[in-house]
Every structure is written in structure tokens, then in C-alpha cells.
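Chain residues, written in single-letter form:
Protein chains: 6
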Amino acid sequence: MFFHTGELQYHSKPDAPDPVFAKKVQELIGGQFGEMSVAMQYLFQGWSTRGNEKYRDLLMDTGTQELGHIELLATMVARLLEGAPVYEQEKAASDPIVGAIMGGMNPQHAIVHGLGASPKDSNGVPWNAGYIVASGNLLADFRANVNAESQGRLQVARLYSMTDDRGVKDLFSFLLARDTMHQNQWLAAIKDLEAKEGPIVPSTVPPEWEATQFSHILYTNTETSTASQLPWVSQPAPDGHPITVEKPVTMSEKPVLKPGPKEAHDTLPMDKPE
Amino acid sequence: MFFHTGELQYHSKPDAPDPVFAKKVQELIGGQFGEMSVAMQYLFQGWSTRGNEKYRDLLMDTGTQELGHIELLATMVARLLEGAPVYEQEKAASDPIVGAIMGGMNPQHAIVHGLGASPKDSNGVPWNAGYIVASGNLLADFRANVNAESQGRLQVARLYSMTDDRGVKDLFSFLLARDTMHQNQWLAAIKDLEAKEGPIVPSTVPPEWEATQFSHILYTNTETSTASQLPWVSQPAPDGHPITVEKPVTMSEKPVLKPGPKEAHDTLPMDKPE
Amino acid sequence: MFFHTGELQYHSKPDAPDPVFAKKVQELIGGQFGEMSVAMQYLFQGWSTRGNEKYRDLLMDTGTQELGHIELLATMVARLLEGAPVYEQEKAASDPIVGAIMGGMNPQHAIVHGLGASPKDSNGVPWNAGYIVASGNLLADFRANVNAESQGRLQVARLYSMTDDRGVKDLFSFLLARDTMHQNQWLAAIKDLEAKEGPIVPSTVPPEWEATQFSHILYTNTETSTASQLPWVSQPAPDGHPITVEKPVTMSEKPVLKPGPKEAHDTLPMDKPE
Amino acid sequence: MFFHTGELQYHSKPDAPDPVFAKKVQELIGGQFGEMSVAMQYLFQGWSTRGNEKYRDLLMDTGTQELGHIELLATMVARLLEGAPVYEQEKAASDPIVGAIMGGMNPQHAIVHGLGASPKDSNGVPWNAGYIVASGNLLADFRANVNAESQGRLQVARLYSMTDDRGVKDLFSFLLARDTMHQNQWLAAIKDLEAKEGPIVPSTVPPEWEATQFSHILYTNTETSTASQLPWVSQPAPDGHPITVEKPVTMSEKPVLKPGPKEAHDTLPMDKPE
Amino acid sequence: MFFHTGELQYHSKPDAPDPVFAKKVQELIGGQFGEMSVAMQYLFQGWSTRGNEKYRDLLMDTGTQELGHIELLATMVARLLEGAPVYEQEKAASDPIVGAIMGGMNPQHAIVHGLGASPKDSNGVPWNAGYIVASGNLLADFRANVNAESQGRLQVARLYSMTDDRGVKDLFSFLLARDTMHQNQWLAAIKDLEAKEGPIVPSTVPPEWEATQFSHILYTNTETSTASQLPWVSQPAPDGHPITVEKPVTMSEKPVLKPGPKEAHDTLPMDKPE
Amino acid sequence: MFFHTGELQYHSKPDAPDPVFAKKVQELIGGQFGEMSVAMQYLFQGWSTRGNEKYRDLLMDTGTQELGHIELLATMVARLLEGAPVYEQEKAASDPIVGAIMGGMNPQHAIVHGLGASPKDSNGVPWNAGYIVASGNLLADFRANVNAESQGRLQVARLYSMTDDRGVKDLFSFLLARDTMHQNQWLAAIKDLEAKEGPIVPSTVPPEWEATQFSHILYTNTETSTASQLPWVSQPAPDGHPITVEKPVTMSEKPVLKPGPKEAHDTLPMDKPE
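Protein sequences, first through last, are from chains A, B, C, D, E and F. The numbering of the first sequence is full-length UniProt numbering, which starts it at 1 and goes up by one. The numbering of the second sequence is full-length UniProt numbering, which starts it at 1 and goes up by one. The numbering of the third sequence is full-length UniProt numbering, which starts it at 1 and goes up by one. The numbering of the fourth sequence is full-length UniProt numbering, which starts it at 1 and goes up by one. The numbering of the fifth sequence is full-length UniProt numbering, which starts it at 1 and goes up by one. The numbering of the sixth sequence is full-length UniProt numbering, which starts it at 1 and goes up by one.
Watch out, some of these pointers could steer you wrong.
No copy labels: a pair is met if it fits in one copy or bridges any two.
To be verified - Once the Cα atoms are required to be at most 30 angstroms apart in a straight line, the calculated BS3-like pairs of lysine-lysine come out as:
{"hint": "1", "residue 1": "K247", "residue 2": "K262"}
{"hint": "2", "residue 1": "K54", "residue 2": "K191"}
{"hint": "3", "residue 1": "K196", "residue 2": "K54"}
{"hint": "4", "residue 1": "K191", "residue 2": "K13"}
{"hint": "5", "residue 1": "K169", "residue 2": "K13"}
{"hint": "6", "residue 1": "K191", "residue 2": "K262"}
{"hint": "7", "residue 1": "K254", "residue 2": "K13"}
{"hint": "8", "residue 1": "K169", "residue 2": "K247"}
If you're looking for bench data, these hints aren't it; they were derived computationally from the structure.
Just chain A, with the same shape it has in the complex (with noise of 0.2 angstroms):
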């Protein structure tokens, strides 16, 4: 169950208006790394965890953070957003400056939201679930985490050089440390997690459901590909076995489907079928 206090986790006051930004901070919100993801993220991972209790809870800590961390860029947003000239855009045809302003913000924030933020990323478009991962494998599920966290660090840092305004960026030095944190919490588990299973997720496949005479090679291009010069490749793998490198070959023959039933409307066959 959640609770919710109204004073904000962290500060979130720009020192001044800047719609132009705005909309570039709306990926921190409503794209496919956003907040809104890794709080939907971790808590229908944690309301999935079947017998691992303690993970699960670290699991609802986490996603619980970060709709904190919606709260906070939402209210940046909605400040940004805050006393410039979003209404008087007829005069930008002729002042550069408003058709600066006018040409970079996004303009639902003045129709649809009223100068409130959008659960949207920076070029408009609306958050879907089709960003967030639930396997019910954790091993499989941290490794997603700690991708979603390195993207998302790496998002606010190039945001962060591309803005002159201290309060947004003491914001900023909030998520950054955030960030860290939370890669390093995922690097942990995951370590934890491999420690008993091994690297290769599902750890729990017996070995005769897998062509195992395949599951060693890097296939290159040998001709014009420099990945087998890569240092790891002669190197066992992560698993223990040693790495071949091939030129990948066809082992089946060309396929013939066989024609449609009537029923199918499909084309008329001119060849022969199979």
C-alpha cells in the first residue's frame, strides 16, 4: 500500500522560465527510460517476485523512489513552464527570439496541459508499457534495471551541459546521485544472483534441450568484420568454455512453402509445390 506526503523528496525550482527545456526534460518523465518507467518497472517486478521476499522488497523501495522522482520533474516541468510568453506566439514571425522559443517548446504544454508537464516524451509522444520488463526471472529482470539505470544516467547527464540554470541542475545532481546508487544496486544483486546460478539466464535449462555444439561460436564476417580481434574472444566465456570464431554457413536446404487452400485466396501457384 502507498502513502503520500506533500512536501517534494528534493528541491525542484529552476531559477527561471525556459519552455524550450521543458520539453527536453519531458524525457526524463515519459520516455522510454523516464521515471515513469523504472517506477512502473520495479513494482510490477516486485508485485510479480515469487519466493525471494527480501528482493521483492528492495523491488517496491525502489519503484516507491521513483514516482518521488516523477513528482520532482513534473513540478520542474510545471516551473519551467512558468511565465514566459507561451500564448503570445503570433509574434513570432517576426521576432526571432519568440520564434525561438516558440519553434523549440512543445506545444501541448500550452494547449492540451495549460502549462502543467505530460506524461510524454520530449518529441510528444506517450508513454507505453511496452517499455517495461516483468519476466519473473530476477537474474533476467536486474540486468534490465541496471540497463534502464545506465540509460537514464547517461540522459540526465547530457542534459545537464545543456542548460546554464542552477536550480535545474541541482535537480539534476539529485538524479545523477540517485543513478549511481541504483546501478549499483542492481550490479550488486546481479552479481549475488549469478553467484548461485551462473551467467546465463535461465540458469534452469537441462542441457539436452540446447544444440550446445552452437553455443560457443561468434559468427564474423571474416572477409571485412574485426570483431574476433576483440581481446575477450580468446578468452573463455563468461560460462567457462573456450570461445571458436566462424564465417556463419547455411545447414538447411532453401524452404517451399506449400500453397494455400482455396479458402486462403492466396495467389494461384505457378511452380510446383514440395
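Since the structure of chain A is provided, determine the placement of chains B, C, D, E and F on it from the hints.
Below, chains B, C, D, E and F alone, put in the same frame as chain A:
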């Protein structure tokens, strides 16, 4: 530049038609972690790689292999749809066996695709590019890649026990093996890059950008959460710093936004502005 | 800022597994009017509220409750998926009971989520932020809210008679009650705001902006439509003006667009431009 | 059945081209609450109406009018795109006025549509049917309708002050008026249905289905939220019952899910199952 | 401007309820090539037509007819859903006939739409405007139109043999006929435009823009592909030029991108930049 | 099976960076008719072809070429993004030139992709598989293909005059040429199939399925529409039958649906059921 040859990389021929299983196999083609996702993810990462040509080549080699995996699965789906009574579904109300087929198959296989595969998932949702990741930062992206291969192998493993068809299982044994290799290669590449850059992405954030006092705190509900009992919490974090455990608290005031300008036509304020 | 505790707000335990019903319950989680929608709708409205702090607080209080409702339903779905033979579907062709389960369940519950809930609707379509409304105008948004709670309660009521499971019905009895309260609260808030602003949103449009001669005409097909017989048509409109009934007519000429410039490469014009 | 005549319902001719404003007008065509939404919403509601023929007719009459409104706006967009230098954008880097146009216009107007309107919103996101509501319950749906007309009129009002073009303003004055009428008609219809059924949708839920002890509690964070000070909280709810105010509490235990079967290949359980 | 009359253009009444077939009929309403697509495609093309008023009128006439086809199919779906035991699905586990209905029907028909049609496809995916084409070039768009009518008629033909219901077949016989006419009319219009402009769209590209040495080469895998044996390869192309057959080769070097600036926080380059 | 070589099929190097044009080029990669669409469309058509091996090979050959075209454009976008001041956008408010760049570029190129291409269109909307067509009927699908190549070539032609960069124009000259070839090949293939099957798809519909009395009527608004004056209306249709012109009329009664069962919780009927 790409080339194609008519032969398949591996066998892809079921023992018998099974339109219901064909619907499920679609997850491996057009689902969030299907072969369309890994193919496009690796290719777009390769096309954007700057200053690391060997990794660019590895990405292009691997992405090209994945295109061939789409081909294997599309061929399997087309053959699972051959020869079953999918256009005689009016009999379903009285014949429960036909009814089960009818209920379990994807109607678009019959109506839209004429017994061919679809670029959609097991529920018929079209694949979209919001599934893929290409950030320009290889360590971040290789984490996305090892996640994708983990989720993908997990899904193949689950489907393996949902069929008795030896031809399907033969193809799955190949896919399980290749996903083992791909997990191995991305894990090895991650180890290589982490050795150079450290574990926190991006490695290039200047320390003065980050509020480092928050970089190693595990925020947890100290009353009901057991997360702090995880073994790694009492050890140094992957980046070498000790982790501290804290109950989350608010560090800023309750935010109050200013009323919008009259052109926003927001609700008139009942309260005094800030 | 948000907090989470491990205990649930209400009971969420079915008497028996039912993977087919689990698919249907997804509508209440990730459908257009599922709990993800109301949670995110209220939170984004709250974060954007300007000059009406009590309503901001109401929105945050209610949105937080809805997060707990997602939790209740995600837990219910996970438990409905426990203990049923969902990975033995190859038997379905010969066993119609298993076939019915196979046909009726969501394949992603087995393949993608490992028996956990999904942030998607009852057909497996991912939730997206295009479902939610946050306009900055509270009267407009409260109308969206009472609609959302009406649609949501309607869907729970329909599902109620589609199961015999007492545990499921117990949870539904709680959701029906909470939706009653939420309809009540948004209706009361609407009445409050309409008393101040009048019924037409936004109340702040200057009269000279509006072609008021068209503001109270019911356009109807006077030959076949019976709409004008509705009792309220002969009474004053909610804003106090009388309604008139008219057959719609054209008031402007047939438009003719100018041919595009040559750089548009549109079809060459056969007709004379305007 | 539908008929079309070449003449327009109202004037739709701007004084001058303005490709930047054309982008913004798209919100009224293909946005969440654009004319495509209300047209399709009313028509699908009408086609599904059971046992209320006058309301069916009202829905069909109104939906048909909205089709004509798409036409008015599509014509306006096409004319706003006429005669501006949209294909000479290479000059933008040196000419800030052209640069402002370039930055602010929708590139698809030039590249994809050849200076015609698009069925998309002001950010270029395609309209989708997830925006519309047709539930079979008229009271629920009329609440959706009055919301749609409120959001729509709000957006027109905001756009009104973002242009000086008298031709555009003339069309907007007509749309403002029609949205006034449509808010009036749905409000009157809601009043009519509430008089018969009461305010809580659906009215047909038997009392024994509902945990009525929770039907009139306002859950609020009693420490920081001011929601309970709203004037209507101390008055009877719209359905006549008194409202009580409570701090939310948990009423059920911490859920523990059982480990999945081995075929799920979930993480192996570290904890004891329930 | 549009008008509507209550009567239907054609009969739309099934002999008996069939909720499973109702799900399939949705493909013809809200699928990629359903009636929503052709209606919106023709209307948007019409509204954007510049300098070809007769074709504008043809598009508006035909688009208006398609609106009536949505109506016919929505009515059919609503009637296929009448009188079947769709809300008694708890019996499905023991009664395989009800189980088949349960598995095969669209759950949203019962839960979301109250036995009405939905603006979605046969898998429940919402219609979206990314399906439609309106380019401003009539020859291009008429090719889209003849494709849409071909795909649409193909789908009706496939569905025709999937039911025994005479009422459904009567409606389908009308749709087959109208799709015949619409294929005829777009084919005739294409022939008309090709006679004026030639077969290659757009006809207005100056020859010096095009690398014409590549305009008539069929690139084919000369080792395994039989494509060059197609009869028309040895004949002049539709634009009059002879076709040559070549094995594709690379004509440019391996690209090497420059490392990004430090603000991009991309991976540090291991290789020397170009 | 697919192979890749590091060299490019053609040159792809701009003279100078231009992040604003990079945004526009995205339409050719991830737009509705971008190279991702034609690549995936041809490959899925090829994988589903039944009984026409030469056409299967043609589809695979051409689809493979299109993969190389994505590569050319992704390389072009990455190079257009090199060396421009995209991370110094805080200067935009005072420097209109930088402001124009800021307003006109895609923010995700800087924030999400680190100066690489994106699998999205020119507005940042992700590519999705709802754009592509693979029906199993080759004549239908070749009509889709000639449309795709027509729309694609049209878009390249429009972009051609929107830049002065000779490197970009060189790549476009190659794409224009290849689109000429592809239009030629699909037109030739259509002619080949029409000669065998006739012009109406599918050719296999038995005449008794079709209400042929409606197969050659042009329905037109005889009062305002000029469509019947098109020259081909008075000539035989492409399938050889004469066309007649009629004003559309209703041929069936006004439909009245039965009230829903009580479990539907629809609005209670005011009217008498049918």
C-alpha cells in the same frame, strides 16, 4: 551492405501443423524481446558506433545473424499454419476440438496474412521501435543487449515445454544455444568496458555535477521492508563505496505553483498564489 | 513524496487458480480505464494544479490510493495464475478442458511474465499515456475523472458476474465501493466549481470570441431523427438559454485549394486554380 | 447511412499562410480531444445504443456534425500551408525568420502530406482509437462526452489567443459556440438520466455486491493534506450519504506468492514458500 | 458537410448470435484495411486535393460511402453479440462449448463495450491513423487506394467461408461487390493519370536529380535467386527502358564515424578517429 | 540467411553538419514509407510466399537491398549530427541562429541517441509494424509495394529541394533511381499477375458470393459532386463491365438493437425493444 541466400541457417520444419502454437511463436518474432528487436537493436547500435570499430563490427555481425533468426521463425510459423482447418471455424460451436483451435489461434493468421507470419507479438500487437535501445554509449547498450538475450532465452525455454513437436524443439535448441553465446559475448564485452571505465555509466560525469552524498544510500521502508537484509548491502558497492541504509525523508517544502496566465484558461485560483 | 508498506490495503486472494479469468482482470489494471489510468491521471493533474491547493491535495490523496489498487489487482492476477497447467498446453488439442484454458488465457502470462501481471489490457495491448487527461482546468478534468470512475465501476460490475470465486468477488466488492466514493467526490467537486464558474468550460472565454448565434442550436436530421423529442430539448439549457432545433445547412462555399508549388511534387492540376 | 455535400458548414479561410500555426491546429483534428475523437466517439456510441432510440439519434446527429468539423479544420490547415516557403528551408541557418518557420512547422506537412492536413496531433502522433469511449452505458458515456467537449473547447480557447488571423478566429468562434451547445446537451442528458437512475454508475449493482462500509470514506493524508477542508466534504455526498474522513490503513497482510513451476524458469526461490 | 439518415444502406442482420465471429468481424472495422481506414484515407485525400476537383469529389463521395460501411459492420457486430451467454463464463471450465466461446470471443466486447462494436481489429488493437495515406499526389495515393480495396476484399473473402450464417453472408456479398467497384474505379483513375504523367511517381523529378545509371538494374543474388527468370525481366520496363540484371556490389568504403563530443557521454573511443 | 559486409552500397557523406536536416531525414528511415517499412514488408512477404518461388526470390532480393538503404540513411543522419553545437542550446534564447537549430532538431538525437540515427519518423514517432503489408496474395501485395515505392520516391523528391548539401543530394540521387527501378519491377509484376488472374483481387471469389448488381455502380452526390464527369466513368471498367452512376439510397430499415442482459449494466431501456 547486406546479402541474402535462399538456404536457411538451420532447420525449421515442424512435425505437424499447430495453428495454436503458431500464435505463441509470434512472441519470438515480434514481441518486445523477439528477433525483430535484437536485429534492429544491434544494427542501429552498430550504425551509431563512434570510435570503436571492432565493437561496431561485432554489432553488425550479430544483428545480421538475428535477421536470419526472424527468417527461421517466420518459416516455422508459416509451416505450423499449413494443413489445419483454420477456415472451417463455423464448426467450432459444436466441435470442441475445432473450438479449441479457433479460440487459441490468432485470427489474423487466417484473415490478414493468408497463413503467413506476422510482425506482431503473441497477442497480435504490432512490433514497434520503442522496444529498442541505441544510445551511443556502448557500456549502457551492452547492458541492454545482455538483458534482451536473457529475456529472449527465457521465453524460448518457457515455450520449449509447451509443445511436443520435435521439429519445433530442434529449432528451439538452436535458438537456446545462440542466446547462450550472445549472453556470453555481451557479458564479456561489458567486463572489458567496465575494466576501462568503471561500473557506473556514464563514466565521464565530473564529480562536481553529482550530489555524491546521495550516491550510496539504500532508501528502504525500515518498518516493513526486509531489503536491507540482502547480503550485499553490508559490503562495498560495485564502485567501491560503502552503502548506507536510510529511511527516506522529504528534503524540500510542499510545492505551490503560480496560477496560470488568463490565456491558459485554467481553473480560477481559489487560493493565494505563492 | 511517496511511501510504501508491505501490507495490502485489502484482501486479494482467490479461492482457486483461473488463468482465463486472470486475462480478463488485466482490463482493470492496464485497460483504458484501469487503475494505471486513474492513478496516473490524478497524479499528473495534482502535479499541475495551480492556485487550488485543496484540490491538489485531493488529487494526490486519491491518486496514491489508486496505486494501491494496481497492487491489489496485480496480486490477484499473480495468484489466479498459480497452480494451473499453463505450461502443458500441448495436451490441448486432445483435451477440450485444457484447450479452453489455452484458448482463453493470455499467452504472455506464461511466456513473457512467468505467471505475473502485465501492464496491459485484457487483449494484451500495452497501457499508454494517451488514455489520461491533465489539462490544468479542474472543472474539465473532474469531468474526465467522474467519467473514468463511471467506466471503471461499470467494468468491475460486468466482471463480477463472470466469476464464482468468492475471493475475487470480495476484492471486487471493495473496488465497487471505492468507485462509488470516487464518483461521489468528483461529482461534489464539479458541483462546487460549477457554482463558481457556471457549467460551460472554460468559463473565461470572452463573449466576443464566440459566435453565440450557434451556441444553442440542436442540429438534427429532421426527417429521420427523433432526437428533438428528448424531454430536455424544450427546456432551458444548463447555461440558462433556450435550445432551438434546426436542420443543419451549409453556410459556406465549396472549398478549392490552390495547386501546390512544384517542390511539393503533387499531382499536376487538371483544373484551373481558384 | 451518410451523405456529403461539397459546401462547407462554415467559413474556413485564413487571411494569410502560417505553417507554424498549421502544426498547432492539428491538435484540434487528431489530438486526444480533436474532432476525430468526438466524431468517432459519438458514432460508435450511437451504433451500440440499446433500447434508447432518441439518444441513439442524438448521438448520430452530433457525430455527423463532428465529421463536418474535421472537414473545416482540414481545410484550414491546407490553406495555412499554402504560399509559405516551406520547401526552402536550407536558408534557415542564415535567416532566423525562415529558421523560426522551419523549427516550428511539422516536417510531415511538407514531406509526407504535400501541404495537406494529417490525422495526427500537434506533435505528429497519429490519432488512435484508444482515445474514444463507447461502453453501452449512456450515463457513463455522456460523462465522457461532456469531458471531451470541455477539453475541446478549452483547447480552442487557448489557441484563439495564439493567432492574430481573423479568418482563423472566425472559424474558432464557430467551434467555441458548437462546443458550448454540445456541453449543454450532454449536461442536460446527464441530468435526465441521473433523475432516473441516480448519480452512481452503473445504477444496477445490487447492494450486496458492494462493501458499502467503504463507499463514503475520503481517504486522506491527515498530516499534510488539506483535502478534507473542501467545503463539500462536510455535506452529504451526491448520492445522499454522509462522507467520513479517514487516514488510509492497511487491512490485509503482506502478500507472499508461491514459487512458480519449474517450466516458468523463474528465479529459484531463496525464501520458503507460504 | 455531412448528413446522416437513420436507415442503413444495406441489410445487416445475422441469423443467430455468434460472439466468436463478432471478434473476427472487427478486422473489417478497425483493422489495418478495415472500413475506418478507407473512410479516413479517402476523406483526408479529398480534403488535401489541389487542382483536381473531380477527383476531390470522387474521394469525398467514396469516403462517405465507407462511413456507411463502418455503420453496417458495427451493427452486425452488435447483433452477433446479442443473446449469447457471454457473462456466464465461469461455466467454461466444465462446459467445453461455453469454453470455446469464452476462448474465442473478445473480452472487451463484454467488459468494455457492453455488447457493442469496438474501433479495434480482430486482436483488440486500436485503430490508428498510421494506417492511412494522404500524400497530395493522386497517382501515388490511388495506388494506396487500390491496395486498400484489394486487401479489404481479400479479407472479406476469407471470412466468407468461416461462417454459415446467411445474414452475415448477405452483408458480405454487398461488401465484396462494392470492393469490386472500388478496385475498378481506382484502377481506371490510375490508368487516366498514368496516361498523362507516365508510370513513375512523381513524374516531376528533373532527370539531373536522378542517378539514372541505377534506375533499371535488378539486383539479385545470382547464386541462389531465381528472380531473374521472371518473364518480364527480359522485356522493357513499364517506363520503356530495358532492365539489366546484376549481382549487388558495394560502391563505397566502410564508414567510420567521428567520436562524439564529451557532452555526448558516449563510450570513449578505443580506435583512432577518421 | 543474411550476410553483411562493412562497405556501403553507395556514398553517404554530407558536405557539412546539419542537425535540423537530420531530423527530416528520419522520415526516410522510420516513417510510414521509410526504408524500415519496405525492408520488413518485402521480407515478410517473401517468407510467406506459397507456390511462387521466383517471386519469393524477388522479394527476398529486394528486401535485402532495402536493409542496405536503412544503413545508408542511418550513416547519413549520424554524419549530419557530427560537429554541430547541439549540446550548447542554453545559448539559444539569445542567439537566434542557435535557436533555429535548437527548435528544428530532434531533441532525442542529442539526449537519447548520442548523435546517432533513430528508428523513428521525422516527428520522433517510433516505427511500428502496423505500417507493413503481407497478405499471402501477391497481386494485392504488389499493389502495396508499388504504393510504398511511390510514396517513398515522392518523399525523397520533396526533401531534395530542402537542402543544398551536395553529399546529401548525391545519396538522394541514388535513392530516386532505386525507387524508379522498384516501381518498374512491381508494375511489371502486377501486369504479369493481372494477365493471369484479372484485375479484381482476389480472383478466386465465386460469382455467387457477390451481389454483382452493386459491383459497377459509382455512387455519387448527384447535386454537388462532379465525379461522374471523369472521363473513364463513361468507359468500360478495368474488369470489362460498364459503370453506372447512381445517387446513393438506403436499402434497409433503421436498425434497433435489443436491450442488453442485466449483467451488461447498460443504460436501462427507455424505449420498447424490437
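Consistency of the hints with the structure:
no., hint, result
1, K247 / K262, "neither (42 angstroms within a copy, 36 angstroms between copies)"
2, K54 / K191, "both (16 angstroms within a copy, 27 angstroms between copies)"
3, K196 / K54, "within (16 angstroms within a copy, 32 angstroms between copies)"
4, K191 / K13, "neither (38 angstroms within a copy, 34 angstroms between copies)"
5, K169 / K13, "within (10 angstroms within a copy, 36 angstroms between copies)"
6, K191 / K262, "between (57 angstroms within a copy, 23 angstroms between copies)"
7, K254 / K13, "between (63 angstroms within a copy, 12 angstroms between copies)"
8, K169 / K247, "between (50 angstroms within a copy, 25 angstroms between copies)"
Violated hints for the displayed structure, listed by number in ascending order: 1, 4.
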